[in-house]
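The primary structure of each chain is shown beneath.
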Amino acid sequence: MSAAVPHPLSPGSRAVGARDLAWLTGSLVLVAAPHALRAPWWLMLLTLCLLGWRFWFALNRAPLPSRWLVLGVAAVAMLGVWMEYRTLFGRGPGIVLLVLFAGLKLLETRTHRDAAVAAFLGYFLIITNLLYTQSIPTAALMCVALFTLTATLVGLSAPQRGQRANLRTAALLLAHAAPAALVLFLLFPRVQGPLWGLPQDAYAGMTGLSDSMAPGNLSSLAQSDAIAFRAEFAGQAPPHAQRYWRGPVLWDFDGRTWTIMPAAFTTFAPPQGGTRYSYDIVLEPHNRPWLFALESAASLPDRSRMTLDGQLFATAPVRARLRYQASSAVDPAPGAGEDTRLLWRARRLPPDSNPRAAALAAEWRAASSNDAEILMRAIAFLREGRYTYTLEPALLGAHPVDDFLFASREGFCEHFSSAFVFLMRAAGVPARVVTGYQGGDLNSVDSIITVRQSDAHAWAEGFRAARGWVRVDPTAAALPGRVDVGLARAVPRRESLPLMRRPSLEWLRGARDRWEALAHVWNVWVLGYNPERQRDLMSLVGMRDADWRALTATLFSVLGLMTLALLAWSLGRLVRPDPVQRAWRAFCRKLAARGVARAPYEGPRDYASRAARALPASRLAILRIGVQYIRLRYGAHPSRPGVVKLRRMVRGLRLA
Amino acid sequence: MEDPLEVRRAHRVIDALLHRHPKVANWAYGFTPPEHGTVVLVHRRVYILPNRLGWMFGATLMLLLVGSINYALSLGFALTFLLAGMGLAGMVHTARNLARIAVSVGRAEPVFAGESAQFRLYLDGRAGHDRPAILARHVASGAQLVVDVPGNGIAEVVLAVPAARRGWLPLGRVMLETHFPLGLFRAWSFVEPDARCLVYPRPERSALPPQSAEAEAGGVRSPTPGNDDFAGLRGYQPADSPRHVAWKAVARSDELLTKQFTGEASAELWLDWQLLPLGLGPEQRLSRLAGWVLAAERRGVRYGLRLPGVELPPGRGDAHCNAALQALALHQP
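Quick note, the sequences are listed as chains Z and S, same order.
Under this note's numbering, the first residue of the first sequence carries the number 1, and numbering increases by one thereafter.
Under this note's numbering, the first residue of the second sequence carries the number 1001, and numbering increases by one thereafter.
No lab work stands behind these hints, which were simulated from the structure alone.
The beta carbon of each residue, even a glycine, is placed where N, CA and C say it ideally should be.
Careful: at least some of the hints might be erroneous.
[To be verified] Beta-carbon label-pair distances, calculated as ranges:
# : chain 1 : residue 1 : chain 2 : residue 2 : range
1 : S       : 1153      : Z       : 143       : 27 to 37 Å
2 : Z       : 605       : S       : 1277      : 50 to 60 Å
3 : Z       : 135       : S       : 1038      : 54 to 64 Å
4 : S       : 1237      : Z       : 633       : 31 to 41 Å
5 : S       : 1038      : Z       : 56        : 42 to 52 Å
6 : Z       : 581       : S       : 1164      : 33 to 43 Å
Kindly generate the complete structure, drawing on both the sequences and the hints.
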């Protein structure tokens, strides 16, 4: 044993070259780029500076900064993150810190191992991007990053090799990985997460309706182009004006804000009559338990319940894209009566709020003989009031209903519904606000209705003894165009609609339809692959009720077969001895068994003549095999029949 | 297994174990040393294990998997599984980088004790793809070199193995190792080709002994060829030193001619084991004799060598010198 010799292939001792460093840095920039849109700008700038600094060291061949300096930079940056988020934990600050650590790790990257660890960190950063969005463009960008990171790893282990060849190797590796990845994706036993509590901000940024409504809530939501859900109808979809997707029902009013009542569930009684529609909904996660269905739901989706006020609830907040089947009856037969406590609740108003509106309602009450008449008066009042529909309503004072009805006279659906329900309650008619979505775009490519946050809507329901709860859309009453043609036509042209809602951009919407049809397929088949879909797939191939043991067994057998195939590939590409050589070796083995082994230096002619002398009984056969072998091996044109003949001669050689 | 010290410690334990049971060793290594001719590293002989980076990669995969489950990230699963598949493919590729290489050895020129024997190994890829970053390491001495074997080509590895003692120096066990392409796995294999290098005794510088009594007493001065005076040209014989070829004459005619010299120094010199002082040990004697052989060759005198049981008649030239040194190297006192 000699003294310590450094291992030249050891990742711990091999210095990383400028080329591999460049690839590593580029990959990390690629992975961190989407975070630049979300993280504080100064942190991204700092990370870029760290990368640039590392490159300066590489170009000048200067020794890297001391560990203390790096730790100092880390401490300052962590302080900055704390100042920004007031915490170091949670999804946002955690990811920002990871990006920063990637930059710092690069700053102390000296060896192959350091660089490989930074590349692993890069793989991990890929998944942090997926926490925010799993859209097709993100997936494409992350595929590019995955490729460059892998090419970096290959480059690290072959620093002398050309990068073009390394890129080829990386592509080959990923191509070989793909089938195994597909099998793992389909067969790996899926568990429904989460395994433990997630950070508080894990679902921040999910938009959707809330459990309360104050002036300004919905109109800000309506400026978002984000998708709320998609609905795929089995047959014809109902017309735009009948597509009321029911969401939270608001009961309690404090003079300004409407809120839901605590969820109380009832046994589901399907409505009678009406036009039936059945459809599938793919709901985007919105971190609330409620599900959306057309009014009135005629069946309960799996694992859902219905509240007293007719809203569908999932068993847990929807935090992953959810697909469910629903059916509805539009314009059903009149429903049953209602609990008196609920009716009392539907008449309750805070004292001394909005006095002018309350006075108007009392006037109607005195002049009308029944509830239906009051309803008609209210609708007529709104229609004749020349109200303006706007996404940017004026700010309202202490009595928002009064201000809206008599002063500003402009508002969004929340103002109309709020004012209407207030008037009803003040006149003694039970009424409640219903929020949800109205309408939705029919995609011309795949005939799927896409409902966006900009379709958010609020309407009202009034109770009539004979007919139960009756839907009234005050916005539609005041502005008939709103529910027939959608938001775009109802809002004056000068206001800032979401880009895609502008009528002048019709051609852009066609392109978007196609893109969204593709995205829907992606959502359903790639992102929506969950334990249930896995069960469905397994029963498709004949494995009913496949539990995790059956899945694991299948998975490992398929993976084993794949590895064998890969091994066969790695062997098959290597040169095998040709048939002439194989026949000659068989000949040598036969003779060796009789005690005449070929010496390493012995040529075929010498060997054959020596063997012929040693075994005179088979002299002729041995000599002829020798001659045939020499002719095939060294002759100008080895012929196929000649090879066959040699093989037959060797097989037929009988040594006494 | 990266740390050289760690590698050595593990090797030492295994080596001790295998040394006691040679049959087990032959089974484990997949061959019975020494191996004649070209050695092909069949799959059976290629070992593969994840290295430290490989374990770290595995830990990263676990983190990714747990994160994907926890956040129900479909693309996270896809990424995790793609990386897992890549690890699997990387394992096969790493073994492939080494498997089916044909190792053959070249001739190792004799060296003097104390120098390094230059063993030449030829790694024949025998495949269309290249095999980058292959380490050849001489197990006993730690001599090592990293080579890239080109596709359909041969790479030469020269291992400088220190030659401590005279005699035949067998090459011994050579380890071939690679981490390509991902650096997550270490594949290795052992070969023990039948190669040896002749090691001459370490030459000792000392004055040449006086010329032998027989030559002086002989009286008759036959014109023995020497180095001093030019005596004429004769036809070239393969044993002649290239220094004595009459290159100018060759340029005029196509015939190789050798210049002949005569001289006083052409007297015969006997380098005799018996003439050395009694106090010297056998190795010292051989060292001094080796030094004398070199000095005599430099002077151009004809010299003979007498060892117990061996006598080399006087002669001159490279072949004679090598024969004398070989006799010294292989002498069994």
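Each hint, compared with the structure:
As the Cβ distance of residue 1153(S) to residue 143(Z) is approximately 34 Å, the hint placing it in 27 to 37 Å holds. The given range of 50 to 60 Å is respected by residue 605(Z) and residue 1277(S), whose C-beta atoms sit roughly 56 Å from each other. With their beta carbons about 56 Å apart, residue 135(Z) and residue 1038(S) fall inside the hinted range of 54 to 64 Å. The hinted range of 31 to 41 Å is satisfied by residue 1237(S) and residue 633(Z), whose Cβ atoms lie roughly 37 Å apart.
Checked against the given bound of 42 to 52 Å, the beta carbons of residue 1038(S) and residue 56(Z), roughly 51 Å apart, stay inside it. A C-beta distance of roughly 41 Å is found between residue 581(Z) and residue 1164(S), which places it inside the suggested range of 33 to 43 Å.
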